[in-house]
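Participant: Sequence:
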Amino acid sequence: SCAYCNKKKEQKEVTSCGKLKVLPSFEPLFTRKLDVLEVIEGRNARFDCKGKPIPDILWFKNDTLLSEGCHFTFVYDDNECSLVVLNARPEDSGVYTCTARNLAGSVSCKAELTIHEGKRSLLSEEGDEEES
Numbered sequence: 001s002c003a004y005c006n007k008k009k010e011q012k013e014v015t016s017c018g019k020l021k022v023l024p025s026f027e028p029l030f031t032r033k034l035d036v037l038e039v040i041e042g043r044n045a046r047f048d049c050k051g052k053p054i055p056d057i058l059w060f061k062n063d064t065l066l067s068e069g070c071h072f073t074f075v076y077d078d079n080e081c082s083l084v085v086l087n088a089r090p091e092d093s094g095v096y097t098c099t100a101r102n103l104a105g106s107v108s109c110k111a112e113l114t115i116h117e118g119k120r121s122l123l124s125e126e127g128d129e130e131e132s
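Just so we're aligned, residue 1 is where the sequence shown starts under UniProt numbering, counting upward by one.
Some hints could be false.
If you anchor each label on the Cβ, the simulated ranges turn out as follows [what the hints assert, rightly or not]:
hint: 1; residue 1: Lys12; residue 2: Leu66; range: 19 to 29 Å
hint: 2; residue 1: Arg32; residue 2: Lys12; range: 17 to 27 Å
hint: 3; residue 1: Lys12; residue 2: Pro53; range: 36 to 46 Å
hint: 4; residue 1: Glu68; residue 2: Leu103; range: 18 to 28 Å
hint: 5; residue 1: Asn44; residue 2: Val14; range: 57 to 67 Å
hint: 6; residue 1: Lys110; residue 2: Val14; range: 48 to 58 Å
hint: 7; residue 1: Ser16; residue 2: Glu38; range: 52 to 62 Å
hint: 8; residue 1: Tyr76; residue 2: Glu112; range: 19 to 29 Å
hint: 9; residue 1: Leu103; residue 2: Lys12; range: 19 to 29 Å
hint: 10; residue 1: Cys17; residue 2: Ser67; range: 37 to 47 Å
It is worth saying that the hints were derived from the structure and are not from the lab.
For clarity, every value in this text was computed on a predicted model and none was experimentally measured.
Using N, Cα and C, we set each Cβ at its ideal position, and we do this for glycine too.
Turn these sequences into a full structure, and let the hints guide you.
Facilitator: This is the structure we're talking about:
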C-alpha cells in the first residue's frame, strides 16, 4: 500500500464547535430615495433616505467619498439615514449619492443640491444694474 493511504488510516476524526451568525441574504433596498434640494447660502441642506435591511452607508459628492466633519454630518435613526451639509456654500452644489451596502450587494440613489446666493448678494446685483 502507498504511504498516503497509510497516513489516511492513522488520522483521527476532529470535531469543532462554534456559533453560526446568519447574515442578510438580500441586498439593501431604498424605501425612500433622495430628493433634489435647493437651499439659500448659509442654510443647512439635509438629504434623507430610508432603507432596509439596515446597511452600511456611504455618502459621495460628485463621486468623491465624503467623511463626517465640521461641514458634513451623518445622522442615522433606525432605517433612516441623512447627510446634513452645514452652512451650505455655493461650492457645495453638485450631485450627492447615497450608497447602501451589505454582504449581498449594494444600491445607490442620487440627487442634486443647488445652493443659491443669499438675498443680500442678489439685492446688490439688482442695485448695480439700476446704476448702469
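Participant: Next step is simple, just say for each hint if it's right about the structure.
Facilitator: Structure-based check of each hint:
no.: 1; hint: Lys12 to Leu66: 19 to 29 Å; verdict: violated, 55 Å
no.: 2; hint: Arg32 to Lys12: 17 to 27 Å; verdict: violated, 57 Å
no.: 3; hint: Lys12 to Pro53: 36 to 46 Å; verdict: holds, 42 Å
no.: 4; hint: Glu68 to Leu103: 18 to 28 Å; verdict: holds, 24 Å
no.: 5; hint: Asn44 to Val14: 57 to 67 Å; verdict: holds, 59 Å
no.: 6; hint: Lys110 to Val14: 48 to 58 Å; verdict: holds, 51 Å
no.: 7; hint: Ser16 to Glu38: 52 to 62 Å; verdict: holds, 59 Å
no.: 8; hint: Tyr76 to Glu112: 19 to 29 Å; verdict: holds, 23 Å
no.: 9; hint: Leu103 to Lys12: 19 to 29 Å; verdict: violated, 35 Å
no.: 10; hint: Cys17 to Ser67: 37 to 47 Å; verdict: holds, 41 Å
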